[in-house]
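Participant: Given chain A, put chain B in place with the hints provided.
Residue numbers (the numbering used here), protein chains in the order written: chain A, 3 to 367; chain B, 2 to 496.
Treat the hints loosely; a few may be bogus.
Quick list of simulated restraints, FRET-style, between CB atoms [said to hold, decoys possible]:
{"#": "1", "chain 1": "B", "residue 1": "272", "chain 2": "A", "residue 2": "310", "range": "49 to 55 Å"}
{"#": "2", "chain 1": "B", "residue 1": "476", "chain 2": "A", "residue 2": "266", "range": "45 to 51 Å"}
{"#": "3", "chain 1": "B", "residue 1": "453", "chain 2": "A", "residue 2": "312", "range": "24 to 30 Å"}
{"#": "4", "chain 1": "A", "residue 1": "316", "chain 2": "B", "residue 2": "272", "range": "49 to 55 Å"}
{"#": "5", "chain 1": "B", "residue 1": "421", "chain 2": "A", "residue 2": "333", "range": "40 to 46 Å"}
{"#": "6", "chain 1": "B", "residue 1": "374", "chain 2": "A", "residue 2": "56", "range": "55 to 61 Å"}
{"#": "7", "chain 1": "B", "residue 1": "355", "chain 2": "A", "residue 2": "86", "range": "49 to 55 Å"}
{"#": "8", "chain 1": "B", "residue 1": "423", "chain 2": "A", "residue 2": "333", "range": "37 to 43 Å"}
{"#": "9", "chain 1": "B", "residue 1": "300", "chain 2": "A", "residue 2": "278", "range": "44 to 50 Å"}
{"#": "10", "chain 1": "A", "residue 1": "60", "chain 2": "B", "residue 2": "453", "range": "54 to 60 Å"}
{"#": "11", "chain 1": "B", "residue 1": "13", "chain 2": "A", "residue 2": "169", "range": "55 to 61 Å"}
{"#": "12", "chain 1": "B", "residue 1": "355", "chain 2": "A", "residue 2": "60", "range": "55 to 61 Å"}
{"#": "13", "chain 1": "A", "residue 1": "322", "chain 2": "B", "residue 2": "390", "range": "23 to 29 Å"}
{"#": "14", "chain 1": "B", "residue 1": "280", "chain 2": "A", "residue 2": "189", "range": "36 to 42 Å"}
Chain A side only, calculated, beta carbon under 7 Å to chain B, not exhaustive [as the list claims (entries may be wrong)]:
{"#": "15", "residue": "158"}
{"#": "16", "residue": "331"}
{"#": "17", "residue": "346"}
It is worth saying that the hints were derived from the structure and are not from the lab. No experiment lies behind these values; they were computed from the predicted model shown. Backbone N, C-alpha and C define an ideal beta-carbon position, used for all residues, glycine too.
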Amino acid sequence: MSTVCDACLRRGYLIGLLAAPIAGLLERRLRRPAEIMALEDAELAMAIGGSSTGEALDFLAHFDPRRARADLTRAAVTAICMHREGYPEQLRDLPDAPAALFCRGRTELLAATAAEPAVTVVGTRDASPYGLDVAHDLGRGLASAGITTISGMALGIDAAAHRGALGARGATIAVLACGPDIAYPRRHRDLHAQICAQGLVVSELPPGQRAYRWSFPARNRIMAALARLTVVVEAGEASGTLITAGFAQDLGRAVGAVPGRVTTRVAHGANKLLRDGAPVIRDTGDALDELLGVGMWSRAQATDLSNLDPAQRRLLDAVEAGLDMDGICAFTDMEIAQVRAALTELETSGLIRRDGLAGWERSSH
Amino acid sequence: MPTFALEGVDAREVTVEVDVRRGLPAFAIVGLPDTAVREARERVRAALLNSDLEFPLARLTANLAPAWVRKAGASFDLALAVGVLSASGQVPAAALEGCAVSGELSLGGELRPVRGALAISIGCRRAGLRRLIVAPESAAEAALVGDVEVCPVPSLARLVDLLHERWAPEPPRAGPEPSPPVADAPDLADVRGQLDARRALEIAAAGGHSLLMIGPPGAGKTMLARRLPGILPPLTSDEALDVTRVHGVVGMGSGGLAALRPFRAPHHTISAQGLVGGGARPRPGEVTLAHRGVLFLDELAEFARPALEALRQPLELGEVEITRGQTTLAFPSRVMLVAAANPCPCGRGGDACTCPGMVRDRYRARLSGPLIDRIDMVCQLAPVTADKLAPGAPLGEPSAAVRGRVSRARAAQSRRLARSGIATNAAMTARQMREQVGLAPRAAQPLTAALDRGLLTGRGHDRVLRLARTIADLEEGDLVTAVHVAEALGYRVAA
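Extracted from the complex, chain A is given alone in its bound form:
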């Protein structure tokens, strides 16, 4: 049996067909997005108005599911609808739940988000190095704890979170604002391919559709609904990231934020959430506490340090303190050649990692 029923498939393609007129409607501020997406097929067609209404009604009358299915196969995309198994149950909390989800990659990850909690990591496109690091570490830490990381594949924080998860060979889901076969932004072609291979790409829009202004907040509601916890890493004021956090709150999901420097513009949104009472997320541990309850997760990773010799521990302290190479040599009283060799040992055991091109930093999980 197929994973999508004809009616939902038709609905998915209808939204694809009307994507541009919907954009026009919203531009003119005639309707609110949530209102539109909650309308029935025929009502939606009527609401659009103008020549598009006729086109939409015609489409509804003559929709050929077999052709649509062939189209999906060609695009290597699977559709999953709300009437069939594999649809993530928690999406039904949305008043305007998507009828069909178009997926590319490991579709089983989608159903798994219902059984095992997942975390959405979101943030600004114009992130600081600090924000990128935290997002990357969260992705990686969650992956090594066996938890799926959800994000939007945007530049900056989103991509860092995905990469972190992929780097630890973990599961990650990218929810796109365009068709699942389109790598947007284009700079993330490689990332898109990697997520398709190792994780899952999901969209409400059928293959081939480009992104519209309205489809970003629409995608955000899906990200918020899929996860039990949404972590805001860095977000400006009045940003898409805060929209996602707002959806998550409306749905009764947990929202946490990573504290940023108060003087950094891109951290204002996250800091404001904290000020408003959102839990502080410093690292994967905090996220897991929030997700599963304090102390419910294994603290196995913390024991890694016990088998370090004193010299290595001192070296680790030096890296944690952010010392440069000369500083590390002085602090540990070692020759530079020894320091390089010892740092490699720490790197291959995953305790530190390359910072940018030439320096080192502590990995945070």
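Facilitator: Chain B only, in chain A's frame:
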């Protein structure tokens, strides 16, 4: 009358023939001369007359053979003048047997020096000519080739005396002399701190590995790079000849044998042609001027992409090939590549960086451009702190000590690689490396761990082993141990 035309860094033999016959007085030059060669008519005529010699009132035809080679410049003046003298019977033809000349003439009859004197005397030896007559300024450079008798002659009148055996010049000091010690070169002792970069520089010098230095402005990247020639082994006499020849051709020579390895630091606005050479009349580029020395690319990320692309092949093959018409020229380009870059556009790097995310990303993307896979190692420079610059602060280790270790490591390499025809670990092919690297038991363990963690690619793998081999050579170890490999891994170019 044999003389020479420069083609790239080589001299091609050109024969000047002069025919004198009765007719309306005229002086024609044939054989693809350019304007400067054509103008030689006026210089030759004036020089002869001002030297109290006769300029025949007859129809003169000079031919420059082979006729298909383009001739440029004023270096044919002397050959044309001697051709006229010989054809009009003013000098004995027998005295010109086995003799080549090269020089520009002044209107008063003095000889002026030409570019590429060393290349010309190498050409003489190849052509089997015993004697080379040049201006005194060119003599020292020309005399570096042993087998050719170089006669420094100040003027045309003196030349006629010489050919009539009425005068003999003071012979220039002949033959290559051993390189003087590198005394006036900048010394590593001036560099305080920067332990990581010093160590990296030493390893790079020992194995001929290319190096990228990352550090904030003012940390001393350029200062360190300038000190690299001073810790490389001194030029061998063949290498010194090679350098002198190249520099002589572009008029950069000092007159004598090159004592120091060249150091070239082209500005980042340089064009591809400026970097690798070219032009209608091919001129060597920076990579050739740095031959046997160091090519330093400061602000690597700012170089134009086409320029860096053009550099790839010369770095790999050790020579630049330029094709013009029927001829293909090869410029030598065996250089050690050293590059430097700021960690990000604002230069602060790390936690202090204030660059917007996308600006930084774009910079990183430019940095990992076309040359990054030619870089063997990356090191880090710290910002300089005041206490290191204080008058009482200890000096660094002097260049001479480092050079000693580097030379020993190089000697170990040449013993091991003698039969492979290469000199350094960096030049080992993948196969030579497998056969020659000499791993101690369990030495590959850090490599395996790094591969497992996805920290290393296949290409990076071989690069790390070459580097580890050099580190072992520096410590005079026969086998590469796990510690050597771990240190080498620390310098790898992070993916």
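Participant: Is the distance from the Cβ of residue 300 of chain B to the Cβ of residue 278 of chain A consistent with 44 to 50 Å?
Facilitator: holds (46 Å)
Participant: Has the hinted range 45 to 51 Å been met by the Cβ atoms of residue 476 of chain B and residue 266 of chain A?
Facilitator: holds (46 Å)
Participant: May I ask you to test the hint 24 to 30 Å on the CB atoms belonging to residue 453 of chain B and residue 312 of chain A?
Facilitator: holds (26 Å)
Participant: Have a go at the residue 346 of chain A hint: is there a Cβ in chain B nearer than 7 Å to its own Cβ?
Facilitator: Residue 346 of chain A check passes; min Cβ-Cβ to chain B is 4 Å, inside 7 Å.
Participant: Can you tell me whether the CB distance of residue 272 of chain B to residue 310 of chain A sits inside 49 to 55 Å?
Facilitator: For residue 310 of chain A against residue 272 of chain B, whose Cβ atoms are near 52 Å apart, the range 49 to 55 Å holds.
Participant: Classify the hint on residue 331 of chain A as holds or violated, based on whether any CB of chain B lies nearer than 7 Å to its CB.
Facilitator: holds (5 Å)
Participant: Tell me if the beta carbons of residue 355 of chain B and residue 86 of chain A are separated by a distance inside 49 to 55 Å.
Facilitator: Given a distance of about 51 Å, which is inside 49 to 55 Å, the answer is holds.
Participant: Given a hint of 54 to 60 Å, does the C-beta separation of residue 60 of chain A and residue 453 of chain B actually sit inside it?
Facilitator: The hinted range 54 to 60 Å holds for residue 60 of chain A and residue 453 of chain B, with Cβ atoms some 58 Å apart.
Participant: Holds or violated: the 37 to 43 Å window for the beta-carbon distance between residue 423 of chain B and residue 333 of chain A?
Facilitator: holds (40 Å)
Participant: Between residue 316 of chain A and residue 272 of chain B, does the beta-carbon spacing fit 49 to 55 Å?
Facilitator: holds (50 Å)
Participant: Between residue 322 of chain A and residue 390 of chain B, is the Cβ distance one that fits in 23 to 29 Å?
Facilitator: holds (28 Å)
Participant: Residue 421 of chain B and residue 333 of chain A, beta-carbon distance inside 40 to 46 Å?
Facilitator: 43 Å Cβ-Cβ, so the 40 to 46 Å window holds.
Violated hints for the displayed structure: none, as all numbered hints are satisfied.
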